[in-house]
Structures are given as structure tokens and as C-alpha cells.
Amino acid sequence: DAGVIQSPRHEVTEMGQEVTLRCKPISGHNSLFWYRQTMMRGLELLIYFNNNVPIDDSGMPEDRFSAKMPNASFSTLKIQPSEPRDSAVYFCASRPRRGGNYGYTFGSGTRLTVV
Amino acid sequence: GNSVTQMEGPVTLSEEAFLTINCTYTATGYPSLFWYVQYPGEGLQLLLKATKADDKGSNKGFEATYRKETTSFHLEKGSVQVSDSAVYFCALSDRGRDDKIIFGKGTRLHILP
Numbered sequence: 072d073a074g075v076i077q078s079p080r081h082e083v084t085e086m087g088q089e090v091t092l093r094c095k096p097i098s099g100h101n102s103l104f105w106y107r108q109t110m111m112r113g114l115e116l117l118i119y120f121n122n123n124v125p126i127d128d129s130g131m132p133e134d135r136f137s138a139k140m141p142n143a144s145f146s147t148l149k150i151q152p153s154e155p156r157d158s159a160v161y162f163c164a165s166r167p168r169r170g171g172n173y174g175y176t177f178g179s180g181t182r183l184t185v186v
Numbered sequence: 039g040n041s042v043t044q045m046e047g048p049v050t051l052s053e054e055a056f057l058t059i060n061c062t063y064t065a066t067g068y069p070s071l072f073w074y075v076q077y078p079g080e081g082l083q084l085l086l087k088a089t090k091a092d093d094k095g096s097n098k099g100f101e102a103t104y105r106k107e108t109t110s111f112h113l114e115k116g117s118v119q120v121s122d123s124a125v126y127f128c129a130l131s132d133r134g135r136d137d138k139i140i141f142g143k144g145t146r147l148h149i150l151p
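Residue numbers (this note's numbering), protein chains in the order written: chain E, 72 to 186; chain Z, 39 to 151.
Pulled out of the complex, with its shape left as it was, chain E reads as follows (with noise of 0.2 Å):
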């Protein structure tokens, strides 16, 4: 078993340029998560989807984001227009269904700097 994979690893892009991160969860999963991570705001969910479908955007922080899972393998999250204040680790998560039982398998991130 892979993991969750997330590409890239890295992203380095101008301010108002479109970005795009991609998840990969593990197969058989069922819920997927996008998180973002930063020194002074700590973890935040921006999503989740349950097979393939958003539950929950709440945490989402303004129309420049959009995630999709256009099927139970892939998941996007699109930040268009890129602002340095989205300069963070963005992280995905998928876990095997809904329940409180189940831990989470996270990623290992992608690195994102908007300068």
C-alpha cells in the first residue's frame, strides 16, 4: 500500500497565478480530507468529501478555493488567485469510512509558497 499520495511536494508560484494540488488517497478509502497547516493558525480542515462527495467546505477560506473528487482515487484543491497569505503546507487525508473509530492516513504534504 502506497499511502496517500500527494503531489507536488513543493510549489513555488507568483501571486495570482493558479495552483493546483492533487491527492491520490488510499484505495478501498472512503473519506478524503484537505488540511492546511501554518505557524500561527496550526492545522485547519478546509474539506471533506464522503465517497466523492463534499460534506463539509466550512473551513474553506473564500471563493478562491475549490476542491473536487471527481472519483474515488483523485481529489484537487485549486487556489485561483494564489495570494502570499495561502503560502502554507497543505495536506490530505483519507480514512477507510465514516466513524468515530477510525483514524485518519495523512500524506506528506505539499509545501506551497506564493511570493
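Simulated from the structure, these hints should not be mistaken for lab results. Every residue gets a Cβ at the ideal spot worked out from N, C-alpha and C, and that includes glycine. Accuracy of the hints is not assured; some may be wrong.
If the Cβ cut is set under 10 Å, some of the chain E residues that face chain Z in the computed set are [what the hints assert, rightly or not]:
(1) V75
(2) F104
(3) Q108
(4) G113
(5) Y119
(6) A164
(7) Y175
(8) T176
(9) S179
Partial pick of chain E residues on the chain Z-facing surface, computed with a CB cut under 8 Å [stated by the list, open to error]:
(10) L114
(11) L116
(12) G174
Chain E is already provided as a structure; the job is to place chain Z on it using the hints.
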């Protein structure tokens, strides 16, 4: 709503010292409790979990006991190593409809050789 409070860091200890990282929670139901660890440059990894009162989770020498009466889930290790230096997150997950995991702010641990 549900929340997790853990001791602020950084915590600095010498190798072979005893470790305790305090964690308390607030929940409306009967949550599952977790400890995650994040090593530099990596994502969070599940360290241990407990799903009901008085359960003890353990892994890699770390232990935590689900204490419903004190709403606590303190992380302990009898003898820490330099390789334990990392950030530790306490977390809970409700079992109702809103079953996403709520994380604490994290505690940074430094172990000196």
C-alpha cells in the same frame, strides 16, 4: 462543541527522561481519542487511539488512557529518545453525524542527547 486542549510547548527533556503531555477534551457524546505525531517535513501519523472509557492505547513505548471522569487522554512514555523529537497532536472524533477528527494545537517535543 467538541474541542481538545493540550499543553503548550515546546517541551524539552533529556534522553531517558519520563514524558507526559497533557490533553483534555470537551465532547457532547462519547468520542474516540487519538494521539498523532508529526516528524519534521512529514505528515501526521497515527500514534495510538482509544475508543471507549478506560481503554489504554499504546505504541512504540507511548501510552495513553481514556479517562472519562477527568475527560483526559494524557500521553506518557517512560524513557524518551532523541528520535522522539516531534510535534504531538491530541485529537478526538465524535461518533455521531459530525464524525470528523478535531485536533489540538500540537505540542513540540525536543529531546536532548
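Verification of the supplied hints:
At a threshold of 10 Å, the smallest CB-CB gap from V75(E) to chain Z is about 8 Å, leaving the interface hint in force. Given the 10 Å rule on beta carbons, the hint for F104(E) holds: about 7 Å separates it from the nearest Cβ of chain Z. Among the interface hints, the one on Q108(E) holds; its C-beta lies about 9 Å from the nearest C-beta in chain Z, closer than the 10 Å criterion. The beta carbon of G113(E) comes within 5 Å of a beta carbon in chain Z, closer than 10 Å, and the hint placing it at the interface holds.
Satisfaction of the interface hint for Y119(E) is found here, the shortest Cβ-Cβ separation to chain Z being roughly 6 Å, below the 10 Å cut-off. Annotation: interface hint on A164(E) holds; nearest CB of chain Z at approximately 8 Å, less than 10 Å. At about 6 Å, the closest approach between the beta carbon of Y175(E) and any beta carbon in chain Z falls short of 10 Å, and the interface hint on this residue holds. For T176(E), the shortest C-beta to C-beta distance to chain Z is roughly 7 Å, which falls under 10 Å, so the interface hint holds.
Interface hint status for S179(E): upheld, as the beta-carbon distance to the closest one in chain Z is roughly 5 Å, under 10 Å. Restraint check, L114(E) versus chain Z: the minimum CB separation of about 5 Å is within 8 Å; hint holds. Annotation: interface hint on L116(E) holds; nearest CB of chain Z at approximately 7 Å, less than 8 Å. Using the Cβ-Cβ criterion of 8 Å, the hint placing G174(E) at the interface with chain Z is satisfied: the shortest such distance is roughly 4 Å.
When held up to the earlier numbered hints, the structure conflicts with none and fits them all.
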